[in-house]
Each structure stands twice: as C-alpha cells, then as structure tokens.
Amino acid sequence: MVPSPLDIDRLASPPRASCSYNSGALSAALSPLRNNFELSCRSPLTPRRPSIDAQQQHHRAGAAQKHSTAVKYLSLPSSFPPPNVALGSASTYDGKFSVSGPDTSSSTVFSRSDQPWTLPPTTPALLFGEPRDDEGKLGVMSAINIIVGKTLGVGAYTIPSAIFAGVGSVGMTLALWIIGAIISFCGLAVYLELGTALPKSGGERVYLERIFRHPYMLATCMFMTYVVLLGFSAPNAIVLGEYALYAFNITGNKWNVRVVAVLAVSVLCYTHARHPRTGLKLINVLGMGKLVILAIVIISGVAGGLMGLGAQSASNLSARRLDPFFSDQMFTSTAQRNFSNIWEGSSMQPYNYATALLKVIYCFRGYSTANQVLSEVKNPVRTLRIAAPVALGIVSVAYLAVNVAFFLVVDKDDFKASGVIVAGIFFRNVFGETLGAHVLPFFIIISAAGNIAATSFAQARVNEELAKDGLLPLSTFWTTTEEKSDCRPSSKGAASPFPSAKAGTKTTPVRGLLLHWFVTAAVIVFPPSDSIYNFLVNIGGYPVSVVSVAISGGLLHLQLNPAQRWRSPFPASRVAVCVFLFFNSLLLVLPWIPPADGADGSGGEGEGGFPYYAYPVTALAVLGSGAVYWGWWRVRQGKMLVRLSRMGDHVGGRDRHRDRGDASTAAEAWGLLGGELEGCDER
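Letter by letter, the sequence shown follows residues 1 to 683 of the UniProt record's numbering.
Hints are computed from structural coordinates only; laboratory data are not their basis. The structure displayed is predicted, hence computed values, not measured ones. Be aware that a few hints might be false.
[Said to hold, decoys possible] Listed next, the in silico BS3-like pairs over lysine-lysine satisfying Cα-Cα at most 27 Å (straight line):
no., residue 1, residue 2
1, Lys412, Lys254
2, Lys416, Lys254
3, Lys378, Lys281
[Unchecked claim] Listed next, with one range per pair, are the computed distances between beta-carbon atoms:
no., residue 1, residue 2, range
4, Pro611, Lys281, 21 to 31 Å
5, Lys281, Trp592, 27 to 37 Å
6, Arg567, Ala596, 28 to 38 Å
7, Pro389, Trp255, 37 to 47 Å
8, Phe477, Leu435, 25 to 35 Å
9, Val285, Leu400, 42 to 52 Å
Glycine included, every Cβ here is placed at the ideal spot set by N, Cα and C.
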C-alpha cells in the first residue's frame, strides 16, 4: 500500500543549513539497513523515497548536485533518461529501479512500503550496466590473489590427517579432494551467475535477500548469526597452539594448547586495535609466508618420494638380491607402500564420508571471496568470469599436490595418528629431527598467525557493519567508527572505556574486534573435549552447506520461474546447479546417520569424543538463534512503528514544524533502533 504523497514544495526546496533530516532520514530510521551498496556487508535494499512530480524532477536533481554533502540515495546513471513520474500509482519499490511501459504515460513511484513488487525487479547488472569509474579497483590478477590467499590456509596441513582417518584409504582420501574440487566448481558456477547478475558487495547476504524476500529480513538475521557466531579464528588458533608446543617438544593437553591459542588471538587483535598499520603489514608478510611454505611442502615431498624415504637400510641388500619376492615386501619406500594398494581399508560408513567431505568443502569455501567485495572490483562481470575459475583451479591443484606430497613421505599409520601436526611429521621425515621437528614447524605457526590476522581484520569490519545496519543487539555499543558531524545525536551519552573516533576521521573497528575476540576465546575455552579442532571445523562447515542449499535451490527457482524476471550475463548450467544442490543436501542428511563403529560399539560417538550428532545440532542451533532474534526484532520494530504513528504530525504534514520536527522525530526513531543518525550536512 502506497502512502499518501508528501508535500511536493517541501521536497523540491533546496537543502537548509541545518541537518537534512527529511523524510529520507525517517525512512532510514524505519529500516535496519544502511543506504548504500559499497561496503561489503551492506544490504541491497535501500530506503524508500516518496513519489515526486515530473516537473520537480529536474529541479531536485540540480539541487542535489549543488548540495553534494546532503543525504544521497541511489541515482540513475547519467545516460539513463529520467522517467516520467506520476503521483498515485499503486506500484511499490523494493530496492531496484523499474520503468514500466514504453509510452509517456508510464510511471514509477518510490514508496516506503515494505511490500514487494507485483513483478520482481529487473536484474541490476542488466539495468545499470557496468560501473564507469574503475580507478583504484581490483583487476583480474588482484582478484585471483585475493581468492587464492583466502582459500589456501592451514587446512591444507591440518585436515588431511582427519580425512584419511575417516575414510581409511589413500585412494578415497585423494578422491574426496577431487570430488570437493568438482563440487566447488559447480558452486562457483552458481556464485558467478548470482555475482554477475547482482554485482554488489555482500556475497551470500545479497543473494539471500533477493531470493528469500518473505518473511522480511528472516534470511538476513539467520545469516547474520552464522557470520558473527561462527566467523571465529578458533581453528587456526588451535593449530598455532598445537605446533608451538610441538616445536618446543612439549606434550600438549587440554589446557596448554588453549592457553597458547587464546594468547595468540589476543595479541593479534590487540595489534589490529592499537597499531592498525602494523596489523596490515603482518597480514601481507604472513600471507607471503603461506605461499612459501606451500611451495616448500610440495617440492620437498616430491623430492622425498623420488629419493625413496622410508626404505630399508643398504646393509640388507644381499637378501634383496637373493630373494626378489622377499625384497618386494621389505625393501620398499614409504611412497611405494602407501600407493601399492590405494583402496585398502576404505570405510563403508556414510557418516565418515559426510564429515570428511564437509572438511574438504570447508577448505574450499574461500572461492566466493571476490563476490563479497564486488563493488571494489573493476568490470566485475568480466573479472569474475576470468579470475574465479583460474584461482579455484590453482587452489584445487595445490590441495591435491600437498596431499600427494604427504603420502610420499609419511607412513599411513603415522599419517592417521598425527592429527593436526601431520606437517610436523612430514618435516621431520624429510629434514631430520633437529631442523624438521623444531624449526620448520614455525612455518606452520606463521601460516596460522597469518590466517588469524586476516580473519580478525575482516571479521571486525563485518561485525561493525552489521552493527551499523542495526542487525546486532546493542548496535550502538558494537559501533566504533563515526564520521565527522556537527549534529549527530547518539542514543548513548555515557562515556565509554573503549576508544572512540575523533572528528573527521575513521578509526579502527575496536568494538568489532572485541566481539570477534570474545566469540573466538569462548569457542576455544568452553568445549569439554581435548580434541576440538575437527569439531570446530565441522560446525563451521555444516552451515556452509545450509547456505549453499538455500542459494542453489533459490537460484533454480529464479531460473525456472518466469515471474521472477531473472536474467544474468553469465548463467550457470542447470546440471552444475543441481550437482551443487544435491551434494550439499547429502552433507546435511548424512551426518544424522550414526556411525556403526563407535568407541563403545553402539555407534553413538563421533570425532573427538563428541556425540555423532553434536556438530549438526550445534550448527542448526546457531542458525535457529537467528530466527529467534528475527522474531524479537520484528516485535521491536512493530512497537517502534506504533510510536512513530503517534508522532506523525511532526513528520510530513505541517509546514510550521519544518525547522525542528523532522530532525527530532527521526533522531528519536533511530534511537529506538539502537543506532545513530548519519548524513548531517556540514554547513
């Protein structure tokens, strides 16, 4: 339902010297989402605007150019002719522009209504075309570097042992990595279609909001809880603690590993908070270290296999000459023993394959990184079509090569029992006890620290953007960054013990770092089991499959339903979408089938001593908490709207209140949502 038109004279008047708290500010107050696409966590939805007369269109556009510091909304490209706009139409606006009809009588109305279009909006990429200003944006090589750097992590050195222990054979381990690569390429096709059709930053959040339009904001709130509560650095911190103790020849237990892990996260978060430039330098240096250690592992593994590491000593060569059959059994290298019968010992339990494949998908999940920052990518359609497949191909070959290198040097029994320190066993076998066991493991520590630094840097900004969008409880508390303003009201006037921004500057997101540190430390400390790494990987991977099922199923709905008016410059194959949907659906179902070979013979125990259903239940509970939060948020929004309706005389109806009514009303409205008003003019 479209609200009655507001005062046209008031809308057409030039901005005043005071704060520009007009009806746009109120519409921003009514929505928990910010007004632009440019940051990685912003919603594709924009505040609704009142309908305006066609005669006022050119005057208002000129006023907007003259007063460039006023509140800005999405505008049409200069090459797009302004449509004829009429009052009183029954159309509504839901975040995208649409012009109906070819004749001069066609009309477009912008409304505050939360109701969707009668027909869904056209695809932004096809309506607006490519961005014109590409200066300083990411090109093909930069996008490849971002995807490779985000995807290749310590999982390459820590997860292979758990996968081999689950599936039981060398052949099935390598086959799962190949299957994971195929699934990831199918998923990449899905993300390429969505990313080129919706070339805005935000990744999965943008796609979920386009696919699941009702109930309003439910998908966003559920995805928000997954990002905040499961976007921790705990697995990398556990790896760092394990390798630090291994390098110093200290036996790890439940608490010394966790103490080292919490200290590492604390130091890196503090560095980002107090010395942000140093933190960025650490990310760059440690990121280069990741690539160096990857090359060392692959090259040394191939060399060790060719040299025949693990073979019997030369003193028994006479027996080999006398009995060739005896020599075939006793005088073989580690590589020959591991690859002589690659399918021997393969598991027959679906649960084991599901958990192993979840770990593989967890390692590949960075292939959609570029979709999260598309607003910063030059010519996003062309860049994505080139960079994403190339980067995923590099990552797939690298993961497979690392696993082959491990099997060329590490015996199967040691491989299965090593856990997350399989790379330490690898270095010891290749380079000896001193160098391999006590020096080279520091390379893995460097790689883990690099992942923690990068994750905390990015997650802090994600947390703050969600807080600015009003999607987090206590949004004002979790927001640090402020922009210069002479008239910014705040719902919280008390002094804060945390650093705040100075006028005219943007500060490090200290509050976002604090939230990330708190969640990570809690996840490290509270689980009761000693072996928590695999459990953390599983609860991080299960929601990835939930989101993948939602996105791929939603894309099929968009493709098959003409009423959705869905088009993309790079459509995905239906086969690829169905394969991606099928395998992720299996990964949601198979973990509920209990393994038959549990420790007590009852089949009720999973990895690390946890019940087999522990990680799917935990992951679904996190997503379910988002639904509960959404219900609370909707009730709170309803109460706010009731209060706003009682203040309606101050909003749009009386000219005598122009100077003070809108600003105070909008400020109070936004305060009810726990946020702060933005967009004050500096005049």
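Hints and how they fare:
Note on Lys412 and Lys254: the hinted pairing holds, with a Cα-Cα distance of about 26 Å set against a maximum of 27 Å. Among the hinted pairs, Lys416 with Lys254 is consistent with the structure: their alpha-carbon atoms are about 20 Å apart, no more than 27 Å. A threshold of 27 Å between alpha carbons decides the hint, and for Lys378 with Lys281 the separation of about 24 Å falls inside it, so the pair holds. Checked against the given bound of 21 to 31 Å, the beta carbons of Pro611 and Lys281, roughly 44 Å apart, lie outside it.
The given range of 27 to 37 Å is broken by Lys281 and Trp592, whose C-beta atoms sit roughly 46 Å from each other. Hint check: Arg567 to Ala596, Cβ distance near 49 Å, so the stated range 28 to 38 Å is violated. Checking the proposed 37 to 47 Å range against Pro389 and Trp255 shows it holds: the Cβ atoms sit about 45 Å from each other. Look at Phe477 against Leu435: about 49 Å separates their beta carbons, and that is not inside 25 to 35 Å.
A hinted range of 42 to 52 Å is violated for the C-beta pair Val285 and Leu400, which are about 27 Å apart.
Hint violations for this structure: numbers 4, 5, 6, 8 and 9, all remaining hints satisfied.
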